[in-house]
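Visitor: Each chain, letter by letter, is given below.
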Amino acid sequence: MTQVNRVEGGQIDRNTPLKFKFDGKSYTGHAGDTLASALLANGVRLMGRSFKYHRPRGPLSAGSEEPNAIVTLRDGARAEPNTRATTAELFDGLSARSQNCWPSVKFDALAVNDAASDFLAAGFYYKTFMWPAPFWEKVYEPIIRKAAGLGALSMQEDPDEYDKGFRHCDLLIVGAGPSGLMAALTAGRAGKEVILADEDFAMGGRLLSEQIEVGSTSALDWTTQTIAELSSLPNVRLMSRTTVIGAFDHGIYGAVERVSDHLLEPAIGKPRQILWRIYAGKTLLCAGATERPIAFENNDRPGIMLASAMRSYVNRWAATPAQRVAIFTSCDDGHRTAADLHAKGIKIAAVIDTRADTPMSMNYEVLAGAQVTNTKGRLGLTVVEVQLADGSTRTLECGALGVSGGWNPNVHLTCHQRGRPTWDGDLSAFVPGGTLPPGMTVAGAASGDLSTNGALLSGANGAAEALGIKAADTPEADDTPATQSAFWYVEGCKRAWLDQQNDVTVKDVRLAHQEGFRSVEHLKRYTTLGMATDQGKTSNMGGLAIMAEIAGKGIPDVGTTIFRPPYTPVAIGALAGRMRGMEFHPTRLTPSHYWAKECGAVFVEVGNWLRAQWFPIEGETHWRQSVDREVKATRASVGVCDCTTLGKIDVQGADAATFLNKVYCNPFAKVAVGKTRYGLMLREDGIAMDDGTAARLAEDHFVVTTTTAKAGPVYQHMEFVRQCLMPDADVQLISTTEAWAQFAVAGPNSRALLQKIVDPEFDISNEAFEFMACANITVCGGLRARLFRISFSGELAFEIAVPSRYGDALMRKLMEEGEEFDVVPYGTEALGVMRIEKGHAAGNELNGTTTANNLGMGRMVSKKKDSIGTVLSERAGLNEDDALKLVGVKPLASEDKITAGGHLMAADGPVDAANDQGYVTSAAYSPEVGSMIGLALIKSGDARMGEKMRLVSPVTDSEVLVEVTSAHFVDPEGGRQRA
Amino acid sequence: MIINHPLLGPRDSAEFVYMGDASLIERPDPEAENAADQFHDYAYLRDNPAGELRELWFHEGGDRSWLVVTRDTRTHEISKVELARDVARSKGRSL
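In the order they appear, the protein sequences are chains A and B.
In this text, residue positions in the first sequence follow our numbering: the first is 1, and each later residue adds one.
In this text, residue positions in the second sequence follow our numbering: the first is 1001, and each later residue adds one.
Hint data in this document are derived by calculation from the structure and do not stem from the laboratory.
No experiment lies behind these values; they were computed from the predicted model shown.
A portion of the hints provided could be inaccurate.
[Stated by the list, open to error] The calculated EDC-like cross-link candidates involving lysine to aspartate or glutamate, where the alpha carbons are at most 20 angstroms apart (straight line), are: (1) A:Lys865 x B:Glu1031; (2) B:Lys1080 x B:Glu1033; (3) B:Lys1091 x A:Asp730; (4) A:Lys347 x A:Glu8; (5) A:Lys865 x B:Glu1026; (6) A:Lys863 x B:Asp1029; (7) A:Lys344 x A:Asp13; (8) A:Lys864 x B:Asp1029; (9) A:Lys864 x B:Asp1012; (10) A:Lys865 x B:Glu1015; (11) A:Lys939 x A:Asp908; (12) A:Lys865 x B:Asp1037; (13) A:Lys553 x A:Glu605; (14) A:Lys939 x A:Asp971; (15) A:Lys863 x B:Glu1031; (16) A:Lys864 x B:Glu1060; (17) A:Lys756 x A:Glu816; (18) A:Lys865 x B:Glu1033; (19) A:Lys553 x A:Glu521; (20) A:Lys863 x B:Glu1033; (21) A:Lys863 x B:Asp1037; (22) B:Lys1091 x A:Glu719; (23) B:Lys1080 x A:Asp249; (24) A:Lys164 x B:Asp1012; (25) A:Lys632 x A:Glu618; (26) A:Lys890 x A:Glu816; (27) B:Lys1091 x A:Glu297; (28) A:Lys376 x A:Glu297; (29) A:Lys507 x A:Glu521; (30) B:Lys1080 x B:Asp1047; (31) A:Lys164 x B:Glu1015.
[Said to hold, decoys possible] Just a few of them, taken from the derived set where beta-carbon distance is under 7 angstroms, the chain A residues facing chain B: (32) Glu684; (33) Gln723; (34) Glu963.
We put the CB at the ideal spot given by N, CA and C, even for glycine.
With the sequences and hints as input, model every part of the structure.
Guide: Encoded structure:
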C-alpha cells in the first residue's frame, strides 16, 4: 500500500523506509515516524475500539496523552498491551494489533454495546448484574472483564532485562521544549551539572511541530543548533526517551528511560528500560501544555483529533489524516493549524470558530460564531454538521477535523507532593499552585506562559533563578499572548465524549451529579472519568467544567482530582529491575556450598542463605532415608554440619560483660574467660526474642551467636542498646557472620576426629576442655581457629570456626580425617531432628509469642539485675498458673503422625477453641524413639507428664492420641554432651 | 527521602531501617516504684502527631549509627538529624 497521505517536508528520513504490520497487514513508513504517524500516512485512521461501547477510534493526539490509539505492540513474549501508537517509535519489523475488538477492528461483535448504551451509562455495574448474587463472581464478572478492560497480557515471561540507575545533578530539567532548552543552555554554559530529560525520542517539544521562527532561523534549525551546543557540554546530560514519572521527597525524581523500545529487540547486554532515581538539587519543570478537546455529538470518530496534533502530524511527520480537513476551534490556535495545513496543499473545508470575533483568512472559509453539532462516518469521519451563527445548518465533507479548545499547562509533577493547582481566569486553565515539591520551579507553557517567546525567556530565567546564575540571552520569537476562552462542549448533545478512553460522555457527568456523586473524586470513581492509561490528560478539565456548571459553582470551587505518580504508565519490569526470579533477593552461599554441591546435597532456602538440607547417597530414594541415616550416624559416631549461617557478633571492650548482662535476661557478668554460656534475649515487652551463646575469649572479648533468622535484627537491637541506652559503655560490636566459617562436629567420636586436626599444643580432652569451654586455637599446622564445646544435638559436640576462606578446605579435611570414624555430613533436616530429640527451642518455639516462662526457662531470668525485658516479663498475665509450657509429645501408636501446628485437646470433651490446651510447635521422626515426636506448648504442660491427649489438625483432618512427655527425648541427664 | 547524617552527609533513606518514636531512648528506671506501669507505657504507648516527630533510624546499610531524625509527618520535611548516642547522653543516660 502506498503512503497516500504522506505530504512534503517533515523530519522523517525518506531514505530509510521501515516495514511494519498493523492487524496483520503490511505497511511502509520511515525512520522518525511513530506508529500513529506512519498509519495516518498510509491512510489508516481507525486504530482501535473503545473500552466500553467498542466504538471505532483513531488517534486524538500525537503524544503521551493519547486516550484512543492504544495497541498491543510486538508478538509473543514481548507483546505489550496498551501501548500508545502516538508515542511508539517506528522500527523495521514492528508489528501491532488493535485492541478491544473481535473479530476485527472493522467489524467488532461487541459494537452492539453501543446500541445498548442506555443500559451501560455511568455506574451501570453498580446497578445491573445484581441478581442473583452468586452470579456476580461466576458469570457476570468474567464476562464483563472479558468484554471491557484494555489489552491482554501475553502470559509469558518477559524476555527482556531492566536496570535501575542513580544520577545526581544541580538542575533537573523536565521537558526539552523551548523553555527546557533555554534552561539547559543557561545552566550548562554556567558549568552546572544538568540533566535534560524528555519523553520524546527527539528533543524540541512543540518547536518540532511548528512553522515558526526563533531568532533569525526556523524553530527546527534553532533546536538543532541548541542541542548540538548542549551535546558539546560535558556537564549536560541529554536524556531523550526518558519520562520523569514522579516527584518524590526531598528532590528525588523517578524517570524511565526507554533504552531499547525503538528496536526490534534490545542489543545484547542492553536493558529494555532503565528506572532512574535522580537526585536533583533543583528542578525546573518545563513539561509544556496539552491541548484540550471540545465535546460535541459524535466527536470520537477516527479522523477527529486535536488541532495541534494535526499540525504535528503534518509539520513533523509529513502525514495528514486526510486530504480535506476542517477545523473546530474556540481560540486562535485552530487557525494556526489551518494555515500550516493549507501551506502544505491540504484542502481546508472550513474553520469553524465558536467566537463571533474571529480572524479571517484569504485562503479558506472561516465560519464565525459556529459550532459542530454532529458528525458522520461509520469507521471514520466523512461529514461534519455545523450550526452557523444565524442558526442555519451546514454540512461539510471532510476526512478529518482538528479540534482546539485551548491549552492546559502540564501541572502534574507539581502536584506529586502537596501542590494543588490554582485557577487562572485569564487563561481559563489551572496553573501550578500551592506548595511545589521542594526545589521545583516551573517555566514555559507548564507555568501558563503559552507564547514561544515567553517559554524561551522563562526557561532561561527559571534556571538562572534556581541556581543563582545569569540567564543566557534568548532569541526573539513569536510573542502573541495566548487567547483562550472556556468553551467545553456544544449544547444539546446526546452523546458527546469527554473521556474517550473510558467512554464517558457529558451525559454521564450529569447522571453522576444527579445521583449524588458531586465531589470530583466521587465523580472520577463513579464515571471512571480520568482513569486508565491516560489518566484523563485530555478529559479531566472538561469533566470538571461541566461538573462546576451543573453545580452552579466556579471551576476552582469544584477543584481537581489529585495527580499521582507515574505521569505515564510504567512497565512492572522496570520497577522490578534485576530483582526477578533468583535475583529477587541476594543468595548467600555457605563456605562448604561447593563441596556440598559436589556431594549431591539437596539445598533449602533459609532467608537469603542456601543451606544443605540433606546429603542423599546411592540407593536412597526418599529424604527420610537420608535424614534418618545422618542422625543415626552422628549419634553413633560423628557428623559434621555447616552452621556458618548462625549470626555471629563480636563484642569487645572493657564493658562487654556489663553490656551482655543488659541484653541477655540471664546473668553474664561472671562468665569466666574460656567459657561459653547459653543466653536468652527478651524483647522489652518480656517476650523471648532470640537465643544463642556467648563465648568469652578474653576479659574484654565475647563472641555472641544468634539464630540464622534473627542475625540482622539482633545486631540492630544490640546496637540500639549500646548507642541509645548505654552511650558511655566501652563496648564495640561488629557482625562477623561472613568472616568465620563454622562447623558443628557432633557425636561420640567428635573429639577423636578434631584431635587429628587441632594442633598438638592445644589439649581438648574432657579435663582440659570441658563442656561449654571455648578457646582460640590453631588447626592443621598454624591456621587460627576458634573452638567451642557446645552441643545442639545433645551429643559430645564442638563447633569449630576458621576464617571463611578456609571453610571449604576445613570441610574437606574433616571428611578426609573422619573417614576412619565413618563421618557423615548432615544437613538442616538432621540438625532439626536432633534438636527436637534434645528438646532445644528454635525459631518454631521462639515465635514472638512465647516468654522465658513458656519455654521452661523462667528461672533463668535474673531477679538480681536489670536487663531488657525483665520488668515486663514479670507481668501477672504472662505468669499465670496455666501458662503454656514447653513439653514433648509422642503418639500412643508409633505409626501415628505428629503434625506441627496441630492443637492438643483433653482426652475427652468437645474439640473446639474453648477446650484448646496448646499446640505442637515442631515435629519430626525420631530414629532414637522409633516414632514421630513433637515439641508442644501446653497449658501447665510441665505438670501433665504422662497425660493422654488428642492431637487434632482440622487442616489435615487428623486426630491422633498422644502422650505428654519431657521435651528431652534423648539423654535427659545430659551425660553425653559432658562426656 | 534524604537523611543528612551528622557524620556522613546526605544519604538516601533506603540505606536506613526505621524504628519509630525516639522516646524509646528514655527507658524508665527499673528500680522505680511504679516501674511496671512506666515500662508498660514505654513499651506500648506512642504519640502519633500530625507534625514534628522525633524518630529513630538505623543506618544499617552504612555506619550502623542510630540517628534521631526530626521529621514532619505531614510533609516529610526533616528539620534535624542527631546521633542517638548524643541524644541519649543529653537525656542523662550513661551506662
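Visitor: Of the hints stated earlier, which fail here?
Guide: 2, 9, 10, 13, 14, 16, 26, 27 and 34
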